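**Student:** Here's the letter readout for the chains.
2 protein chains.
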Amino acid sequence: MTSPLPIGATIGILGGGQLGRMLSVAAARLGLRTHIFEPGAMPPAGDVAHKVTTASYDDSVALTAFGQSVDVITYEFENIPTSALDLLETLRPIHPGRTALATSQDRLTEKTFLQGLGLQTAPFADVSDMDTLTAALSEIGAPAILKTRRMGYDGKGQARIMAADDAASALTDIARAPAILEGFINFSHEVSVIGARGPDGSVACYDPGENVHEAGILRTTTVPARLNPTQRTDAVLIAARILNALDYVGVMGVELFVTPQGLIVNEIAPRVHNSGHWTQNGCAIDQFEQHIRAVAGWPLGDGSRHADVVMENLIGDDMDRLPALAKTDVSLHLYGKAEVKPGRKMGHVNRIVKS
Amino acid sequence: MTSPLPIGATIGILGGGQLGRMLSVAAARLGLRTHIFEPGAMPPAGDVAHKVTTASYDDSVALTAFGQSVDVITYEFENIPTSALDLLETLRPIHPGRTALATSQDRLTEKTFLQGLGLQTAPFADVSDMDTLTAALSEIGAPAILKTRRMGYDGKGQARIMAADDAASALTDIARAPAILEGFINFSHEVSVIGARGPDGSVACYDPGENVHEAGILRTTTVPARLNPTQRTDAVLIAARILNALDYVGVMGVELFVTPQGLIVNEIAPRVHNSGHWTQNGCAIDQFEQHIRAVAGWPLGDGSRHADVVMENLIGDDMDRLPALAKTDVSLHLYGKAEVKPGRKMGHVNRIVKS
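As they're listed, the protein sequences go chains A and B.
Per this note's numbering, residue 1 is the first one in the first sequence, and the count goes up by one each step.
Per this note's numbering, residue 1 is the first one in the second sequence, and the count goes up by one each step.
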């Protein structure tokens, strides 16, 4: 067990998007600095970071200089090239660790891991070509979803199969990448648990939030979620089991489907999570600070919540609503992205619901 | 009336201390950038600002480049050299404006202004030498406080006069600077109102907080303050009257003494104020964002409060308590200052009081 990072220490963050931006602000609140590594120019996190390195993940000189300049390394997205991680882990600790990354980077590995813990998942089968897809469809049945094993997010890398006839076009849609076929789940709603685990094994989870998606992208999260006390306890215990099994350090998002047969794990994300943004206005210690605390070896907040919150993402043209939103008493969190694009997450608002 | 600054615009901030740091974070939340101008090296605000200029206030080349690089100028402290303001105001709008600065920079001007508005202040008299001090003492009586007209903060530039015999040494203590003699006020407690005014004349005030000082430095602010409904209304109306009289744009702190004879204005600060830090965890829109909104011409938040909060400053060796504080569910706000010094504000904590 290492000692906590002192005031003034630097946390290296791979990725300079909005999550890196909000992690940087949280680090600053604790008197810590951040150094962002990001291939793209003018990253959103750059505005609030102590230092930014603009370089590619295959630039070993830049990666080495970055690694040597920081005290610990974390990341805001899970699809970091393995070669970069191989280099960086020779220099500094990386949290969350490689096991968590490897598990969540690959849907097949992830689902196999979750089932191994005795948790419920959607039925799934490995798909590598037309033959295995045909076999999978006969086992799982249609409708089903074909999902690439890697690099999927916000509904990307997915194709629906409503009937066996759709199989060939679905394979084309995902460019014949290694995939899994997932059976449809009949769920009433989706919730997510934002859990955290420290290097000392302490675990703290926030109250589950209820998520609504549109076109595969998170639209709103509402806390508290519609769950009965048993479901609420189950949700938190599921998250804790996953965190412990991975010997996890940091914040994780765990998406769960609520069904009459219990909670079914949809997917896990080894990082701060869009569905945890409500914690910025509902908790003394939000998910970003919680992640920084875990990674820096500081004590975790207990995850308690002092307000009900509705978080709404501002996506693409939602920014046209900004003048009206700015006139209401909601917390705006804008990411400083220069260009509005369809489907692009531009910011979010947290609305505190007075009880 | 100018149009609101667009996303990506830059706010120039004179001063890079903790107030500039928290203003920078608030600007980032609105998708705005900050450029800090600060003579000292490694300013706390630098960690979270888009750009930092390290230069002296008499460096006209640096000031000009700074002014030209930003869209609007504000500041985190009121003792900015006049020559710097003269130069900068030829380049960009400065908010709050010169009248507010001139009024609050000089205790004699400030008190005269407040009395001109019909507000109560402590009895005071202009002191420039031993003769005027003797005359002031015979008018106001002892005990009294001799305060320099300019550059006083956190109890600095003040000398108590318990009896007429102390007059000579008090003058020496303040280095015979131009001063005022202030009569003692018999007050039960001090409260402050954090008020804001937009360029359209809209005014919004936060609920008054109750302040406790130690050795001239703010120790805690508690909201709600102990005030009856009439006092609460009076406090807010006093702040609004001051804001309107100065045609003010931005956030102002107004310190008030609570006495049986009503509220007495102690002093005003033309900037975000230490006694408003509780708003970070008690309001959807905190004082820092409120100031940025005013300066940027965005609509103001309504100042409503969703939680009771106790704010405690971490001063000097209070930082020894950090390990214990980090184990409790309070919101830490550390300023990233490298060196702990006696009396130095190192951070603060906001404790949300569940109702």
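Among the hints, erroneous ones may be present.
[Said to hold, decoys possible] Below, simulated DSSO-like cross-link-like pairs (lysine-lysine); rule was C-alpha separation at most 27 Å, straight line:
1) B/K345 / B/K327
2) A/K156 / A/K345
3) A/K345 / B/K51
4) B/K327 / B/K156
5) A/K51 / B/K345
6) A/K156 / A/K341
7) A/K51 / B/K156
8) A/K327 / A/K51
9) B/K345 / B/K51
Hint data in this document are derived by calculation from the structure and do not stem from the laboratory.
As the structure is a prediction and not an experimental result, all values here were calculated from the model.
**Student:** Would you mind marking each hint as holding or not holding in the structure?
**Tutor:** Structure-based check of all given hints:
Using a Cα cut-off of 27 Å, the hinted pair B/K345 and B/K327 holds, with the two alpha carbons roughly 21 Å apart. As the CA atoms of A/K156 and A/K345 are separated by approximately 14 Å, the hinted pair is consistent with the 27 Å bound. Of the pairs offered as hints, the one joining A/K345 and B/K51 holds, with about 25 Å between alpha carbons and a cut-off of 27 Å not exceeded. This hinted pair does not check out: B/K327 and B/K156 have alpha carbons roughly 34 Å apart, beyond 27 Å.
Annotation: proposed proximity of A/K51 to B/K345 holds, straight-line Cα distance about 25 Å (limit 27 Å). Taking the CA atoms of A/K156 and A/K341, the gap is about 16 Å. The hint holds against a cut of 27 Å. The straight-line distance between the Cα atoms of A/K51 and B/K156 is roughly 36 Å, outside the 27 Å bound, and the hint therefore fails. About 34 Å separates the Cα atoms of A/K327 and A/K51, which puts this hinted pair outside 27 Å; it is violated.
The suggested pairing of B/K345 with B/K51 holds, with an alpha-carbon distance near 24 Å, which does not exceed 27 Å.
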